[in-house]
Amino acid sequence: MMRAEAAVPLGRARFTELSLLVWVATFAITGFVAVLATETSTFTATAVVVPVAFLALMLALHIFLVSIRFRGDQILMPIAAGLTAIGLVLVQRLASDLLLQQLSWSIIAAGAFAATIVVPRDLTALARFKWSWALLGLLLLIAPLFPVIGREINGARIWIKVGPASIEPWEAVKILLVVFFAAYLEEYREVLSHSQRRIGPFPVPPVPYLVPIVAMWVIAMLVMVFEKDMGATVLFFGIFLAMLFLATGEAFYALIGLALLIVGGIVAYQLFGHVQTRVDTWLRPFDEDLRFGTGYQLVQGLYALANGGLFGAGLGNGMPDRIPVVWSDFVFDAFAEEAGLAGALALLALYLVFLYRGMIIALRAPTMFLQLLAAGLSFIIALQTLVIVGGNLRLIPLTGITLPFVAYGGSSLVTNWMLVGLLMRVSQVSSRMRGGGPE
Amino acid sequence: MTSPISSNIRSLTFALAIAFLVTSIGAAYWTVLASDQLANDPFNPRLIAATNGRPRGAIVDRNGTPIATSERTDSGFARSYKDRTLAQVVGYASSKFGLSGVEAAYAESLIGQDPADPVSIWRARYLGDRSPAGQVVLGIDLKIQKAAADALGGRKGAIVALDPRTGAILASVSVPSYDANQVVDPAKQDAAFDQLNHDAGRPLLNRVSQGLYPPGSIFKVVTGAAALESGFDPTKKLRVDDPYQADKSWGDYFVRSSSHAHGLFDMSDGFRLSENIYFAQVGLQIGAAKLTDYARRFGIGSTPSLDLAAAKGQLSDSGSIERPTLLADTSYGQGELLVSPLQMALVYAAIANGGVMPTAHYATEVRDAEGHVVRQIAPGPVGQIISPATAKTLTTMLVGAVAGPGAFAFGAKIPGVDVAGKTGTAENRPGEAPHGWFVGFAPAVNPTVVVAVIVENAADGGVAAAPLGGAVMRAALGK
Numbered sequence: 001m002m003r004a005e006a007a008v009p010l011g012r013a014r015f016t017e018l019s020l021l022v023w024v025a026t027f028a029i030t031g032f033v034a035v036l037a038t039e040t041s042t043f044t045a046t047a048v049v050v051p052v053a054f055l056a057l058m059l060a061l062h063i064f065l066v067s068i069r070f071r072g073d074q075i076l077m078p079i080a081a082g083l084t085a086i087g088l089v090l091v092q093r094l095a096s097d098l099l100l101q102q103l104s105w106s107i108i109a110a111g112a113f114a115a116t117i118v119v120p121r122d123l124t125a126l127a128r129f130k131w132s133w134a135l136l137g138l139l140l141l142i143a144p145l146f147p148v149i150g151r152e153i154n155g156a157r158i159w160i161k162v163g164p165a166s167i168e169p170w171e172a173v174k175i176l177l178v179v180f181f182a183a184y185l186e187e188y189r190e191v192l193s194h195s196q197r198r199i200g201p202f203p204v205p206p207v208p209y210l211v212p213i214v215a216m217w218v219i220a221m222l223v224m225v226f227e228k229d230m231g232a233t234v235l236f237f238g239i240f241l242a243m244l245f246l247a248t249g250e251a252f253y254a255l256i257g258l259a260l261l262i263v264g265g266i267v268a269y270q271l272f273g274h275v276q277t278r279v280d281t282w283l284r285p286f287d288e289d290l291r292f293g294t295g296y297q298l299v300q301g302l303y304a305l306a307n308g309g310l311f312g313a314g315l316g317n318g319m320p321d322r323i324p325v326v327w328s329d330f331v332f333d334a335f336a337e338e339a340g341l342a343g344a345l346a347l348l349a350l351y352l353v354f355l356y357r358g359m360i361i362a363l364r365a366p367t368m369f370l371q372l373l374a375a376g377l378s379f380i381i382a383l384q385t386l387v388i389v390g391g392n393l394r395l396i397p398l399t400g401i402t403l404p405f406v407a408y409g410g411s412s413l414v415t416n417w418m419l420v421g422l423l424m425r426v427s428q429v430s431s432r433m434r435g436g437g438p439e
Numbered sequence: 440m441t442s443p444i445s446s447n448i449r450s451l452t453f454a455l456a457i458a459f460l461v462t463s464i465g466a467a468y469w470t471v472l473a474s475d476q477l478a479n480d481p482f483n484p485r486l487i488a489a490t491n492g493r494p495r496g497a498i499v500d501r502n503g504t505p506i507a508t509s510e511r512t513d514s515g516f517a518r519s520y521k522d523r524t525l526a527q528v529v530g531y532a533s534s535k536f537g538l539s540g541v542e543a544a545y546a547e548s549l550i551g552q553d554p555a556d557p558v559s560i561w562r563a564r565y566l567g568d569r570s571p572a573g574q575v576v577l578g579i580d581l582k583i584q585k586a587a588a589d590a591l592g593g594r595k596g597a598i599v600a601l602d603p604r605t606g607a608i609l610a611s612v613s614v615p616s617y618d619a620n621q622v623v624d625p626a627k628q629d630a631a632f633d634q635l636n637h638d639a640g641r642p643l644l645n646r647v648s649q650g651l652y653p654p655g656s657i658f659k660v661v662t663g664a665a666a667l668e669s670g671f672d673p674t675k676k677l678r679v680d681d682p683y684q685a686d687k688s689w690g691d692y693f694v695r696s697s698s699h700a701h702g703l704f705d706m707s708d709g710f711r712l713s714e715n716i717y718f719a720q721v722g723l724q725i726g727a728a729k730l731t732d733y734a735r736r737f738g739i740g741s742t743p744s745l746d747l748a749a750a751k752g753q754l755s756d757s758g759s760i761e762r763p764t765l766l767a768d769t770s771y772g773q774g775e776l777l778v779s780p781l782q783m784a785l786v787y788a789a790i791a792n793g794g795v796m797p798t799a800h801y802a803t804e805v806r807d808a809e810g811h812v813v814r815q816i817a818p819g820p821v822g823q824i825i826s827p828a829t830a831k832t833l834t835t836m837l838v839g840a841v842a843g844p845g846a847f848a849f850g851a852k853i854p855g856v857d858v859a860g861k862t863g864t865a866e867n868r869p870g871e872a873p874h875g876w877f878v879g880f881a882p883a884v885n886p887t888v889v890v891a892v893i894v895e896n897a898a899d900g901g902v903a904a905a906p907l908g909g910a911v912m913r914a915a916l917g918k
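Residue numbers (the numbering used here), protein chains in the order written: chain A, 1 to 439; chain B, 440 to 918.
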């Protein structure tokens with residue numbers, strides 16, 4: 001399909017992207033109309049202005065990409081736009097007073113995306129400053145622990161206050177981490193994967209290279225203990241393990257890491273109340289002492305899912321608003337209630353397509369740094385989706401990770417759009433090398 | 440594609456795709472497979488919200504008098520509960536705290552989706568087209584209910600009356616009670632619910648089916664039935680000398696007679712004068728296996744089938760009787776026995792009903808909005824527990840226990856009607872006044888009503904409870 005399009009005389013146009021955006025527009029408009037048509041939502045000017053403004057914004061991004069003759073991927077941007085549109089429809093449905101705020105964040109996110117497309121002149125140059133990224137990442141990671149700027153929200157100390165807004169620095173850290181690991185591992189992968197020493201069938205990396213593994217584990221555990229956020233811990237360590245596996249191909253490293261994480265989790269369960277509560281709530285949310293306490297949110301989410309059935313209650317016809325903080329923690333359950341299993345699977349499919357596109361970009365990337373970068377960034381979106389959806393579905397303990405693009409929240413939306421920008425930049429590099437048109 | 444890490448990228452993608460597959464299966468599980476069970480969970484607010492903007496079905500007594508209705512307010516419909524004495528039975532439908540009682544047990548029927556009407560369920564689920572609310576008819580007769588509530592007054596305890604032929608519950612009082620209107624009033628519900636949950640008197644508990652007490656002498660019918668069916672001769676006189684012990688191995692343990700009796704007793708005397716030492720000896724003669732067998736047949740130690748929550752009780756802490764002293768104590772209703780008033784009403788219902796124990800139920804019918812019967816609730820009997828002959832013999836002795844010379848249960852007499860019944864004074868924790876029991880039925884031939892009464896910490900024990908039973912039976916018989 002891509003090659004056929006490249007052969008079209010107007011090789012600089014981005015037809016695939018434009019036609020996919022038409023689908024996004026169709027969804028956004030029907031979604032807003034459906035929500036407005038139900039009694040649960042009040043008709044306001046905002047409800048009309050927001051979808052129109054958002055679609056204009058996406059069209060502007062498309063025109064911008066065409067005008068700078070951008071020759072990268074055409075699928076990722078419409079997927080991100082579609083997911084953001086679902087997010088806006090759900091904010092209108094669940095917390096309409098937050099709608100304007102979420103639109104503002106979309107505008108900032110679009111700006112950040114455009115900046116990512118234009119600003120770094122040479123992506124490979126990112127690798128040169130890897131230690132700076134690592135230092136910046138660490139600083140951002142521990143920033144919420146400092147008094148004055150640090151904020152604790154819903155029991156997790158992962159926020160800092162900047163001006164009027166609370167932002168989650170963690171969101172930026174995840175991208176910095178991937179950039180750093182991509183650069184670091186590209187440099188050292190030979191040593192890590194061709195270790196001479198073995199214990200039985202297991203490769204043992206030389207001591208200097210064990211250090212980062214242990215260091216990362218320690219940092220992850222500290223995050224869990226001091227910032228009280230299991231989601232960030234899992235994501236942080238997950239990214240590290242995935243990157244290590246991508247670079248070395250040693251599943252053994254990943255398994256060791258996973259074992260360390262589980263051991264750490266068990267110890268934390270014994271030692272720390274907040275971890276224990278999370279796990280107990282996951283194991284038996286329907287218990288009398290939990291269903292009106294810490295299990296309330298999860299149980300209400302499960303009721304919402306049960307009401308979904310195959311085809312859902314219809315937008316605006318369910319009762320997902322019974323779930324506390326539904327717009328940030330439980331959007332998946334809310335969507336599944338009103339769009340049913342069919343809608344839930346379609347939503348998961350969008351993330352899966354995103355993952356495949358991202359990994360194809362990684363496979364086609366010309367240098368190992370870019371390959372690791374693209375694969376790592378795609379992995380972030382997939383892992384985040386799996387962890388929060390798995391938590392919503394009670395497959396794993398619930399964590400405070402946001403559903404990428406869809407859940408209400410500014411920091412997450414902005415960084416995820418930057419992530420899309422970076423992925424598209426990587427795809428642009430490969431298409432330049434091959435001298436083709438836009439993909 | 441020639442890069443050394445390409446295969447790693449593919450493996451990672453594959454692993455993630457598998458994880459997405461598992462997640463999708465999880466989504467299918469909750470939205471489709473587990474859906475029915477969760478949709479009908481009494482705490483699911485959707486069951487209540489289904490009636491937002493439309494009335495929830497009424498709960499009425501057997502004569503159609505409303506007990507719970509939905510009334511129009513400025514913001515939709517609000518539930519209104521008419522009878523405080525039925526609070527634990529009817530329950531509440533709160534958008535905040537979920538459902539309880541009949542409101543929970545018949546939640547689907549009350550929103551027009553009775554399980555006996557699959558078309559309305561299908562229409563509601565797939566077309567969003569809900570049938571008008573149905574109506575749940577209870578076996579409760581408000582006239583008998585009022586007599587029972589008045590009889591108990593403010594005393595802690597419970598009264599249950601049921602029809603031994605069908606198992607339909609005619610009256611059900613549990614004190615202390617509460618005002619369910621407060622639980623559904625958005626302005627008061629938080630304080631009210633919190634207070635109810637912390638009240639030491641446990642007003643939310645339906646003492647009729649969930650309250651567990653030692654039965655005392657009312658349990659003697661079980662020992663009597665076991666003895667009669669094991670070929671024990673009820674006319675045989677046994678020597679009673681207070682205090683009693685079977686042999687020296689009992690050490691300083693004795694069975695005491697409440698009337699410090701010395702003399703010869705047959706089974707009729709045993710029932711009439713409620714002689715513990717007589718029944719202790721009967722129990723020791725027939726043995727633990729027989730007594731355990733009959734206690735189990737009568738449903739002691741198992742949860743009775745009921746359309747509301749019911750407690751299980753126990754024959755003993757371990758579930759069986761190993762020691763002779765425990766056998767002696769259990770035979771006259773003490774030991775480690777625990778029963779609910781409903782369980783004892785059912786034991787006597789079996790005796791009243793020629794040995795056939797009925798299945799208890801609060802609701803009798805579900806009707807649709809037009810008043811057509813959608814579902815009859817008439818669970819079949821539990822089974823033939825004892826022979827008709829044994830039932831007849833026991834009935835005769837229980838009539839003597841009410842009307843015979845010196846009978847303890849004299850307070851339950853009704854002029855012109857033969858009443859069968861038994862009092863019990865159940866010993867409690869040391870230092871606490873004993874609970875007073877009365878269980879009985881009337882008329883003695885072809886009985887139509889069984890009543891069980893418990894008055895917690897009654898100073899006069901069973902003697903205090905018997906007149907309450909009489910008053911309720913009078914109301915039921917229209918005397």
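Hint data in this document are derived by calculation from the structure and do not stem from the laboratory.
Yeah, the Cβ is synthetic: ideal placement off N, Cα and C, and Gly gets one too.
Treat the hints with caution; some may be incorrect.
Just a few of them, taken from the derived set where beta-carbon distance is under 10 angstroms, the chain A residues facing chain B [what the hints assert, rightly or not]:
#1 145
#2 318
#3 340
Chain A regions said to be covered by chain B (calculated; three or more residues, Cβ under 8 angstroms) [unchecked claim]:
#4 64-71
#5 225-234
#6 296-310
#7 356-363
#8 369-378
#9 388-402
Structure-based check of all given hints:
1. 145: 32 angstroms, violated
2. 318: 8 angstroms, holds
3. 340: 6 angstroms, holds
4. 64-71: That given contact is violated, which follows from only 0 residues of the stretch 64-71 of chain A lying within Cβ reach (below 8 angstroms) of chain B.
5. 225-234: Violated, because only 0 residues of the stretch 225-234 of chain A bring their Cβ atoms closer than 8 angstroms to Cβ atoms of chain B.
6. 296-310: It holds, with 10 qualifying residues against the three required.
7. 356-363: Result for this restraint: holds, n = 4.
8. 369-378: holds (count 3)
9. 388-402: holds (count 5)
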